[in-house]
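All chains, full assembly: derive it from the sequences and hints.
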Amino acid sequence: MDLLEYQAKELFGEMGIPVLPSQRIDHPQDIKALKIPYPIVLKSQVRRGGRGRAGGIKVVTNTIDAVAAAQAIFNLPIMEEYPEVLLAEAKYDVEQEIYLAVALDSSARRPVLLGSPQGGIRVASTVEQMQHVIVEQEFSAFYARRLTLKMGLHGRLIQSVSAVIEKMYWLFQQKDLDLIEINPLGINSSGEVMALDGKITVNGGALGRHADLSLLAAKRVKSVYLGKTPVSSQRGGKEASGDRRTSTTSPLSSSAYTLLSASHFVQLEGTIGILCNGAGLTMTTLDLIYQAGGKPANFLNLGGESFYGWNPENFHNRIKQGLTLVTQSQTIQVLLINILGSVISCYEIAQVITTHLKQLPHTPPKLVVRLVGHESDRARDYLSTLNIPLVEQLDEAIVQAVALGKSRTK
Amino acid sequence: MIITPDSKVLVQGILEPLGAICTPLMQAYGTQIVAGISPGHEGKQLNSIPIFDMVDRALASVGGVDITIIFVHPYLALDAALESIAAGIRQIILITEGVPPLDVVHLLRKAEATETLVIGPNCPGIIVPGQVLLGTHPSEFYTPGSVGIISRSGTLTYEVALELTRAGLGQSIGVGIGSDAILGSSFSQWLQVLDEDENTEVIVLVGEIGGDGEEIAARYIEEVIDKPVVAYVAGRNTPKGKHMGHAGAIIAAQVTELTRNPGALPDIGTAESKISALKKAKVPVADRPSQIPDLVKKALRH
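Sequences listed follow chains A and B, in order.
Under the working numbering, the letters of the first sequence match residues 1 to 410, in that order.
Under the working numbering, the letters of the second sequence match residues 1 to 302, in that order.
Hints were generated in silico from the structure; no laboratory data involved.
There could be a bad hint or two in this list.
In silico EDC-like links for lysine to aspartate or glutamate, alpha-carbon gap of 20 Å or less [claimed, not checked]: (1) A:358 x A:392; (2) B:279 x B:223; (3) B:110 x A:136; (4) A:91 x A:128; (5) B:227 x B:294; (6) B:110 x A:176; (7) B:110 x A:138; (8) B:110 x B:56; (9) A:167 x A:381; (10) A:295 x B:287; (11) B:227 x B:140; (12) B:227 x B:272.
Selected chain A positions facing chain B (in silico; Cβ < 7 Å) [to be verified]: (13) 106; (14) 121; (15) 287; (16) 306.
Predicted model only: the values in this text are computed from it and were never measured.
For each residue, glycine too, the CB sits at the ideal point set by N, CA and C.
Next up, the structure:
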């Protein structure tokens, strides 16, 4: 989960990483209560990159220009995302811009410090000159100094830049981050350093032990949903954005998120809804539908069997939530259910599915059901009384779903 | 990894929901579960398995343990694993999903220093069909034979096992290495283990998008592995940026890209990158799970 720049900078400030005086702007009129002296920089607070090129960053020298610029930025989508907040920040004159980050390296199985002597928006040359240091054992400041030397820094910058890297690492560790990035770290003519832009990605699994971050993340979940809305249904303007948010988040209450995370559901535009358990199996089912010429309406992963609190009851609850969510899609004509596992009773799941679909307010889509596990014979007998065949082979389930998805009648 | 039908097994988190469901299934399959841990419940039993407050107290009572399986809450997983290492256990299977990656980093630093093998986290564990079940694999999908399965997935591994079993191809082992960004054991480590395993004739590698484990495995197969390998990779059509609940190391992939191939476009971690790396290593890649048995049969004929 990505934090916005102003949220990241609040954490930087708490940790003692130098940041400029700034103020959060929720509305263009807030500009009038600005306490930072002009000139200032107004920055759109969106997660997508490329906001500078898109016109989401403006330098202004007086209140009239600032209000106009704020209005313009609020109404400017950056890759389909409208800012809910702007950041007004003091202007800083830099002599050099460098790139710094701490992330996880899955091959080394360790955190890695990253640094490039060329930061800012010229990504290609940033990447070309990127240096890294793997943090093999317990972190100590020498790992940071080693990176600054690899980056070709010298003199006073070795200490001042490694001090920033050190604080980034502590933030990374204390807050369970997946990524912390400062790009650029500005260096002015007197050699002072300043974090001019920052990105923080929080580890979703660790949110439960960071109350402060989970509050910020809860706000972001709404926007995650916005990002998945099909492009064709999007209209410009802030009001449309507000409407979309209400309509797309209502199916899942906040308590439901603790069971079924929004990241497990993806909305598409075809005719076949897909409900599976486990990420790998969900991806496979999606691949097979596409390979067979079908078009998915959406897909949802109910989660695998490595959740420590897994039991039949909460799995059944997830199935119900999943059915509600998947069948709400406007374009769905067929629902393909593909569930397999070691500790599930197929018979109980078949009952949960059919009972829950009857309770939904809308006409349920046509069903293709594949359940593999305990009591599958009992599930087959039960489903056949409702004229729903239980499919054994995955390939066969795909063929049926694609055929039904292409027929016109619903 | 040393697993035999006689291996003595400990279950940490035996009274947690998943632990309480899986322990009797493992026991019924023949796994020698000698004790369980659940702080505050010492003196109780689950299916005649004695429960203890702490690992060292369990070992003092039941003697040595070869493997521990951990089903505790994700935020307690690091502590549970460190407790077992402190008690001298050197093989850990960490089933739990959602362990914060930096806890895993902490655990692996300790594990490497003590030569402890860690499988997982976020994995279905290991099954040796007909002998031992150490995790959540549905044993009825498996049958003894000579195909070794190594996978990053859970339920997709079961699907592959089921396809093989239905085609009359038994398995020597099924290993789920886990689907998190930071894992205790890699594809390459298990390729080496199965290359040396006399019960395995062909290896099926089940990968998915994210990270660079398959790319590294492909190079490793080309250079080191003698036995035939067949692969399948899930996620060819997954929309960009979505990894369906598997923390498939998207950031790590960027990092790897930035640091190892400066200047290149960051496409490591995509299905295309993995499939082309595997094909380059002359590993046949199945288009769908049901094609795996045919490719395995072909590999066995060579």
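Which of the listed hints are broken here? Those not satisfied are hints 1, 4, 9, 11, 12 and 14.
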